[in-house]
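Numbering (the working numbering), first residue to last: 1 to 182.
One or more of the hints may lead you astray.
Each pair of labels, with its calculated beta carbon distance range [claimed, not checked]:
id, residue 1, residue 2, range
1, Ser148, Lys39, 41 to 47 Å
2, Ser130, Leu86, 24 to 30 Å
3, Ala13, Pro35, 28 to 34 Å
Derived by calculation from the structure, the hints in this document are not laboratory data. Heads up, the beta-carbon is just placed ideally off N, CA and C, and yes, glycines get one too.
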Amino acid sequence: MQLAEEYYYYTFAIVFGIGLLQGAILARGIRRKFPKLKKYAKGVSIILLILFSINAAGNISKFAEPSKVEFTEFVMPETSEAAFLLLIDVLGLNAGIIAVTGIFISITLILLFRFAELNSISRYFIFTISVIVFIIAMLGRFTDYVPSTFQIILYVMYQLGMTLGIFSIMRRREKDPLEDMG
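Working from the sequences, and respecting the hints, build out all of it.
Structural data, given as structure tokens:
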């Protein structure tokens with residue numbers, strides 16, 4: 001991590017590029033699956049930009065200050081209501097309207113991505129990056145890990161790259177610049 005901080009310009013550029021590539025791949029897959037979206041490219045791209053921006057803001061705030069799940073005083077729930085409350089706490093669903101909005105956007109995006117036409121290399125790339133981000137987020141939730149300012153900025157660069165990658169590909173009416181890649 002010390003080396004990454006010393007060469008922070010390169011680190012930021014690489015992380016931003018990974019997010020940009022991931023967003024572009026996802027947008028290309030969505031465009032392939034739903035070719036009629038090209039006709040409404042500007043409107044769809046603005047809607048996705050708004051959705052991804054809201055999702056990114058929520059994810060960044062959760063990454064910067066993760067709510068911790070403590071198992072030091074874990075007691076087996078005796079009623080179904082207590083078990084349900086424990087499940088809500090572990091899953092992080094107890095944060096109110098912001099959590100509900102984030103979950104709605106995430107589910108919507110997952111459904112879009114599930115239906116996106118991606119080749120196997122693209123799917124593995126997206127899956128690998130998503131698993132890495134998920135593991136880091138879970139470390140923040142279930143351990144004493146607290147991200148440094150540098151790590152938070154890296155996460156912001158990743159989210160910004162992904163959002164702009166999706167926006168830049170979805171806003172094009174006809175020609176897809178990544179069409180030649182596979």
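The hints, checked one at a time:
1. Ser148 to Lys39: 41 to 47 Å: holds (45 Å)
2. Ser130 to Leu86: 24 to 30 Å: Roughly 26 Å apart at Cβ, these two residues keep to the hinted range, so it holds.
3. Ala13 to Pro35: 28 to 34 Å: Since Ala13 and Pro35 have Cβ atoms about 33 Å apart, the given range 28 to 34 Å holds.
Figure legend: structure checked against the earlier numbered hints; every hint is met.
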